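Enquirer: For the protein sequence lines, the chains are A and B, in the order given.
For the first sequence, numbering that gives the first Met the number 0 begins at 0 and goes up steadily by one.
For the second sequence, numbering that gives the first Met the number 0 begins at 0 and goes up steadily by one.
Honestly, I wouldn't trust all of these hints.
Unchecked claim - Each pair of labels, with its calculated beta carbon distance range:
1. B:Glu-122 x A:Ile-427: 46 to 52 Å
2. A:Asp-35 x B:Lys-398: 54 to 60 Å
3. B:Leu-22 x A:Ile-372: 44 to 50 Å
4. A:Asp-35 x B:Val-97: 24 to 30 Å
5. B:Gln-18 x A:Leu-269: 37 to 43 Å
6. B:Arg-203 x A:Leu-269: 48 to 54 Å
Said to hold, decoys possible - Straight-line alpha carbon distances no greater than 27 Å define the calculated DSS-like cross-link-like pairs of lysine-lysine that follow:
7. A:Lys-303 x B:Lys-124
8. A:Lys-339 x B:Lys-104
9. B:Lys-181 x A:Lys-339
10. B:Lys-405 x A:Lys-303
11. B:Lys-135 x B:Lys-350
12. B:Lys-20 x A:Lys-339
In short, the hints are calculated from the structure, not lab data.
On a predicted model such as this, the values are computed, not experimentally measured, just so you know.
From the three backbone atoms N, C-alpha and C, an ideal C-beta is built for every residue, glycine too.
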Amino acid sequence: MPDISSNLAGIKSPNPFWLASAPPTNSGYQVMKAFDAGWGGAVWKTLGVPVVNVSSRYGGVNYRDSRLIGLNNIELITDRPLKDNLHEIEEVKKYFPDHAVVASLMVESRAEWHQIVKDVENAGADGIELNFGCPHGMCERGMGSAVGQEPEVLKTIVGWVKEVSTVPVIVKLTPNISDITVPAQAADEGGGDAISLINTIQSLVGVDIDNFVPYPVVDGKSTHGGYCGPAVKPIALNMLKNCAQHTNVNLPISGIGGIENWRDAVEYILLGATNVQVCTAVMHFGFGIIREMIPGLENYMVEKGFDSLEDMRGKALGNVTNWENLNLKHKVIADIDEEKCIGCQLCYIACEDGAHQAIGLTENNGTRVPHIIEDNCVGCNLCSIVCPVEDCITMVRKDDGTEVVTWKDRQEEGSAPTTFNDDRAGGIGHWVPEPKDALNKK
Amino acid sequence: MGEFKKPVSEEEFDKNFGQIKPLMNQTEAHLESSRCLFCYDAPCQTACPTSIDIPLFIRQINSGDLTGSAKTIYASNYFGNACGKVCPTEVLCEGACVYVEQNVKPIEIGRLQNYATDQAISENKKLFELAPENGKKVAIIGAGPAGISCACELRTLGYVVDIFESKEKPSGLTVYGVAPYKITNEEVLDEMAYLKEQFGYSVRYNEPINSKAGLEKLEQEYDAVFIGIGLGNTSSIQLAGENLENCFGATELIEELRMNHHKVEFGEKVIVLGGGNTAMDAASESAQMGAEKVILAYRRSKTDMGAYEFEYDLAKGVGVDGWFNVTPLKIVGNGKVEGVKFARTEVVDGKLVQISGSEFTEPCDMVIRATGQSKQVAWLNQIGGLQLDGGNRIVVDVKTFQTTNKRYFAAGDAVNGGMEVVNAAADGKQAARGIHDFLS
Ligand SMILES: Cc1cc2nc3c(=O)[nH]c(=O)nc-3n(C[C@H](O)[C@H](O)[C@H](O)COP(=O)(O)OP(=O)(O)OC[C@H]3O[C@@H](n4cnc5c(N)ncnc54)[C@H](O)[C@@H]3O)c2cc1C
Ligand SMILES: Cc1cc2nc3c(=O)[nH]c(=O)nc-3n(C[C@H](O)[C@H](O)[C@H](O)COP(=O)(O)O)c2cc1C
Ligand code: SF4
Ligand code: SF4
Ligand code: SF4
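Chain B extracted, bound-state conformation:
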């Protein structure tokens, strides 16, 4: 038996997916903020992709100016609340905290950030003045972290902003992709509602921009267009049996999980293929959804995994088994998944090779392919003059985020190939500055 019982109600789901960074109470916030040294040229700030003035916002919590604290955070990062919960702080701000040098627990920056912004959101605090409207309009494709951040910043500069979003909720993968034990749907959407009210951009949900005609219409009606479409579905690994019932792409399955919680059926024995952060998430989630056994199978060695160490630790912590140096040959089954046929691997002369005769089949009733998200190449090719790099990422100017088609700007996963919410938030905001420079 796995550690987790299959959740059958919302309560049981919440219990299985307990928040790993719960909201601080006043005592925690006071003690933790008292510990911060207010470092000069603070390394935590340098490590934050949005360069939040961390020593300042923590000092403001400590002196009881929560409004000022929230403003400090939002002035740098419009996803301030979400980032406090979903950022890989271990490798960003907290990993850079000077205390680590003396083996002292780093300041819990993420949770303090969440504490300060939570109050601004729940009290609907007005923190920013918007510039008077300047008569110019910008269209944004995609209401993910990049698109929303770009919209907020453009609103402060006086632009009218319309966001076109194919799904029915804002925040992109923050609500559709991030693991539920990091942040709840309510938390994500509360911040989105707060931002929308504060900044007053419009979002047209369930309105994908999918055709050349649609794009041309935007070009006609708007002074500039921002592309914040993120990545596409899980890429195929061209494996026999990929289309069997109960074989899922990780991003698609996780989206289903985030939307339907306990109503999603997971298998009893799940095999997750991949070694990135999404694989770790999918494996942990399978365990927390009550799977009796979860195997994380990666074709190279443990140290070669792309996932952060703490993500693997989290997965192990909920009972996931890590198998290394095994490569899937085919997914076996008759209509439905029944197992995965693997071969063991080793590295010879720097090359990963299969060990002959090592094939074996591991039975299971569910397979999750966490083998990376595809790029939306066909979609992007509809835009004339838009250049992509070798990895099919949109080519942009590093400062302005302008694409090779001057009217188009882009940021987020579609440009960086898939990073974190905080990177999309940083770059979406920066792109708004680029648009502003271009249009004024």
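Next comes chain A alone, as it looks inside the complex:
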């Protein structure tokens, strides 16, 4: 079996699966239960001056029959006394010396930071995570994402923490910013040992249309919350990639956002994450999901011949480039497997109304199987994405891969379109029906 032990800036854990700082890490009871189930590490629910929370805290996004593809919360940091948390951290470390226990912290003044860092280190925390990400409630008080959005302030606070800390310091970033690499660099400059991303994204998940108030409803009012769960993964992956590729961000990264199975974790690691953290999926299904994650990761590594996580980390990074470097000669065309097609014609209408009118219906011969009009197909993938049958529409490569011309090449050689009616534009060659033809359709 491959080695799945992980080491984030010196914080070791038997596997790369950590619980993110959130309700699943509220208490020693939960963290112990999680470790017992197989989790490798836990970032404790953010500690600081305990808060008062509201009742009615979450709103969920359900898509058709899928529950909780997104979760919105208006919960603050811990509402439990520091001393209880410290005591429980100590207790957990006694039973699980080889698992990673990281204390997430959020306080205001330098003195408070110094005090709480020492307190959690004394309790036995293996690392510290600075919560500069919470985008609701705490930011109104000048903490959380209010810090994450101000690189200078962030850097200063990381400096304060590093003045006293002896264990590695992870800086948790907020995605509520236009360029995540700016705070990431500040974390690096401030002396942070690692970054973790993402925290939640500011959101309103929906509105109670009978009572005119968004969810979650607190006595007839609401407030914006933080969004997480499977829906945020694509946003997080892009931010991860941006940081992992950035030459001035030289910190290991703990990936967070929408991870719920081994495959998600592998994607994060391939894009440069050293380990991963999970919140929503555990809030949905419990700690037991780790039973699927560990063997899945191991089986994948065996199949690919990776001996350790380091072997695979960042493998996909080299294949993410700027648009201008993509090969314009690459040509794919949709292909429908007539045996598999069930005749829903979703591909047809998607292409007809939403893309390039490159799918035709075969009339009058009793089949509902559409056909691709190869000349019109631009290879956008849309039909293959909407088709409900696994592997029914595939995108078949048509060029032989020998020719490579990029936008950058074309600009350099002066063959890029420059004027409004330039006949070197891509769409020039594409067939487009006459507008009035639309009226003749039924």
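Keeping the supplied structure of chain A fixed, place chain B with the ligands upon it in accordance with the hints.
Expert: Below, chain B with the ligands alone, put in the same frame as chain A:
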């Protein structure tokens, strides 16, 4: 005319015996696995006699880890593939699925299980590490679900295992008894070949252990002996005419059917006697073999039948006629079966009685007695100190499956009196643990 034409070729046989749980395709597997809720303390798992971690293996299918999924299944049940097809899931896992509470179709657990294991078998995936050999040897009598499961588990623990089997194929009634529309011979035997290759036990086919001397030899050569002999032939019901030509015991006839498919001759008009699952199978099979009329005759009422409701529904679905409250008095015929003489019955003061003057004879050209399998009492009595219960089932310790003769362990139909493949698989595996505890 019956619904089915008499099959005269392998193709026609396969057509008549279309699989009721065919292998899922990728789309089905994806959609169905997406529906599973990953319940906590899942009732489906509790309902499975082998306690497969069902929510886990379904989640593994959904995330594309088929290897992990197959491993989850096989770690609990060595007949994972067969069970997916032959288990009465309606009354086990699927019947317990939480969706049923809201009248939503339960997750098709059996077919998903079959989907995951099918890939491991066809790719001959190595899922388990065997412990180094520990120098101890165990003999297993009978290569049925109980014996094979016991063998696999013992191999993971380091024992050398030799199985002695009187027939020429492994899997016991899975290949010789289960209805052909549930699983094909190839499917059963592919899994058996896979297990044998993965676990490396030996099987001596056509080698029954039939004498006291044979048993003693095993006792001398092996550290422990496991009895997985199942049940015997169809019991006699002491009915006049039982020995007429074209009167068959159900288990014997079904074995013939499984081995020789379309080459077996069924009658035009078949009467099946009995009310258990085997009777349902025999009746359905008669219809699917092209009989014009099949009557299932049971001496009590419909609700008293031992068969699962869905098995009766299956039989009705292929055109079988159910007759209730009729008891056979004799099988009539001259050398060959010509009919069955019945009397009607009713329950008076809780007792089943014949209604006088209600006798009648129903003509037919074939009778199948599905009146239960006998116990192999004489065989078992050859083993000193082996205790049987009132129903002639081997008495075992419920945890270790050790018999009252310490060197012998037993599980499967011979112990439970006749249940399902999954029970034999569960208990055979558990017995291996008992043997391990005993020998270490
Ligand atoms: C007609 C019929 C239909 C069934 N349908 C289903 C179904 O759909 N689903 C389901 O789950 N279960 C079904 N069952 C039940 C299921 O097949 C049994 O419960 C299961 O096979 C029992 O396993 P076992 O290992 O105890 O015994 P068996 O399967 O009976 O295996 C015993 C083995 O021991 C061998 N043996 C016996 N004596 C000796 C000897 N002296 N020396 C060497 N070898 C010997 C036999 O040849 C046989 O291979 C059915 C049973 C019957 C009869
Ligand atoms: C209810 C709730 C409370 C949270 N509390 C904290 C917190 O106290 N500190 C913190 O750093 N992140 C907190 N988070 C954010 C998570 O740690 C995590 O970054 C985010 O949920 C994205 O991961 P996910 O998609 O796996 O849920 C919270 C999230 C939720 C849903
Ligand atoms: S999840 Fe638990 S705490 Fe939350 S509302 Fe339900 S019962 Fe109450
Ligand atoms: S979307 Fe897929 S299944 Fe539906 S018509 Fe198109 S090819 Fe066929
Ligand atoms: S009970 Fe049904 S939904 Fe729940 S885990 Fe089992 S199969 Fe899935």
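Enquirer: For this structure, which hints from the list above don't hold up?
Expert: 2, 3, 10, 11
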